Amino acid sequence: MTRSVFNVLVLGQSGVGKSTLINSIANYFTFGSFKDALGQQPVCVIPASFEIMDSDYNYYKVEVGTPNDNENLQDLADSCTQKPKVYSFRHKDLNINFIDVPGIGDTRGVDTDNTNIKSILDTVALFDQIHAICILLKSTDTKLTVEYQYCLNELLMHLHQKAIPNVVFVFTCSQASNFVPANGRMVLAAYLKQLQKDKGIEIPLSKEHMFCIDNDAFRFLCAYHQIDAFKSEKPDPYVDSWNRSQCAVISLFARMKTLVPHDVVHTLSVNQARAVILSLIQPLAAISSLIQSNAANYETNFDDLVRRLQE
Numbered sequence: 001m002t003r004s005v006f007n008v009l010v011l012g013q014s015g016v017g018k019s020t021l022i023n024s025i026a027n028y029f030t031f032g033s034f035k036d037a038l039g040q041q042p043v044c045v046i047p048a049s050f051e052i053m054d055s056d057y058n059y060y061k062v063e064v065g066t067p068n069d070n071e072n073l074q075d076l077a078d079s080c081t082q083k084p085k086v087y088s089f090r091h092k093d094l095n096i097n098f099i100d101v102p103g104i105g106d107t108r109g110v111d112t113d114n115t116n117i118k119s120i121l122d123t124v125a126l127f128d129q130i131h132a133i134c135i136l137l138k139s140t141d142t143k144l145t146v147e148y149q150y151c152l153n154e155l156l157m158h159l160h161q162k163a164i165p166n167v168v169f170v171f172t173c174s175q176a177s178n179f180v181p182a183n184g185r186m187v188l189a190a191y192l193k194q195l196q197k198d199k200g201i202e203i204p205l206s207k208e209h210m211f212c213i214d215n216d217a218f219r220f221l222c223a224y225h226q227i228d229a230f231k232s233e234k235p236d237p238y239v240d241s242w243n244r245s246q247c248a249v250i251s252l253f254a255r256m257k258t259l260v261p262h263d264v265v266h267t268l269s270v271n272q273a274r275a276v277i278l279s280l281i282q283p284l285a286a287i288s289s290l291i292q293s294n295a296a297n298y299e300t301n302f303d304d305l306v307r308r309l310q311e
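Residue numbers are given in my numbering: position 178 of the sequence shown equals residue 178, and the series is strictly consecutive.
Keep in mind the hints are simulated off the structure, nothing from the lab.
Each hint should be verified, as a subset may be incorrect.
Taking lysine-lysine and the DSBU-like style, the derived pairs with C-alpha atoms no more than 30 Å apart in a straight line are [stated by the list, open to error]:
1. 162 with 193
2. 92 with 118
3. 118 with 231
4. 92 with 35
5. 143 with 83
6. 61 with 193
7. 118 with 234
8. 118 with 143
9. 92 with 61
10. 199 with 61
11. 92 with 207
12. 162 with 197
13. 35 with 197
14. 143 with 162
15. 85 with 197
16. 35 with 234
This one's a predicted model, so the numbers in the text were calculated from it and none came from an experiment.
Model the full assembly from the supplied sequences, consistent with the hints where possible.
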C-alpha cells in the first residue's frame, strides 16, 4: 500500500502548547473515542510535563513520555523544547512527520531566539517539501502586544512568499471560547492587516485557514492514568472537548491534502540571502563611516588650501 507523507512544521510562541498538540493529535488518530482512550495508556510521542488541578483544587504535576535532553521538564517557567526534533507516526495510509521546534519569545532572550531560528532552518533543510506550516496561537489572546508582534514577525520573515499558501493557524485553549477563535482572531486580523500595510504580505484569514483545538482532554487522559484522584473525576466534561478537537484535527489534515507542498529550497534561499545581507551590514557601516571621515578631512584640507592661496 502506498503511503502519503505529510511533513508538518509546527511554529508558535513559547508556551503556546506545540508539543502538547502533537501528543494530542497522536491520540486523536490512535483512539476512536475518548472512552476508548480512557481504557488504554495514552500515546506520548514527545516527553511533556504540566500541572493539572482536580475538583478539590489540588495541584498535581504530570510527566508523560520518556524524558530526554531535548525537553526541559523540570522548570515550568523555562521554555520546554530545547532544539528542533522530528516526530513521526503512522495513521492508516499516512506517514506524518511533525517538526517540533523551540518557541519564539524564548525565556532565555533574543540571542537564544536567533540560535533557535538557525537550528529550525537546519532541520527544515532535511526535507525537500513542507506540506503545512501550522502557526499556533491562543484563542484567549486579547491584545496585539509587542511580544505577539515580535514572535509572528520572527516566524514569517524567515518564510519565502511561496510558503504563504501553506500557512494555517491553529488556535489552542479553544474550549473557553466554544471552539471558535474569538478574541484570538481579532488580534491576529489586526496583525495581518498591519503586516500587509507595512510589508505588502497578504495572508488569508478565512475559516478554512483556522482550526480550533483544546488540549485539556489529553491532559485529563494523562492524569487519569497516573493519579488516583482523577480516577474518581467525571470525564463527561472532557468528552465534548475531545470530540470537537478530534474533528478539527481531521479537518486540518483534509485541508493539508488540498495544498501544493512548499519546496523548502525557496525558504532556504531566502534565509541564505538574508544571512549574507546581515553579514555585510557591519563592514558597510565601517566603509560608510570611513568615507564620511575622509570627506570631512577633504573639506577641511580644501578650505585650508583656499585660505593659504588667498593670503
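Hints versus structure:
1. 162 with 193: holds, 19 Å
2. 92 with 118: Answer violated: residue 92 to residue 118 is near 34 Å, above 30 Å.
3. 118 with 231: Violated, at about 44 Å.
4. 92 with 35: holds, 21 Å
5. 143 with 83: holds, 29 Å
6. 61 with 193: violated, 40 Å
7. 118 with 234: violated, 45 Å
8. 118 with 143: Given that 30 Å is the threshold and the Cα spacing comes to 29 Å, the pair holds.
9. 92 with 61: Outside the cut-off at roughly 33 Å; violated.
10. 199 with 61: violated, 44 Å
11. 92 with 207: It holds: about 27 Å lies between the C-alpha atoms, which stays within 30 Å.
12. 162 with 197: holds, 19 Å
13. 35 with 197: violated, 48 Å
14. 143 with 162: holds, 29 Å
15. 85 with 197: Violated. Residue 85 to residue 197 sits at ~35 Å, over the 30 Å cutoff.
16. 35 with 234: holds, 12 Å
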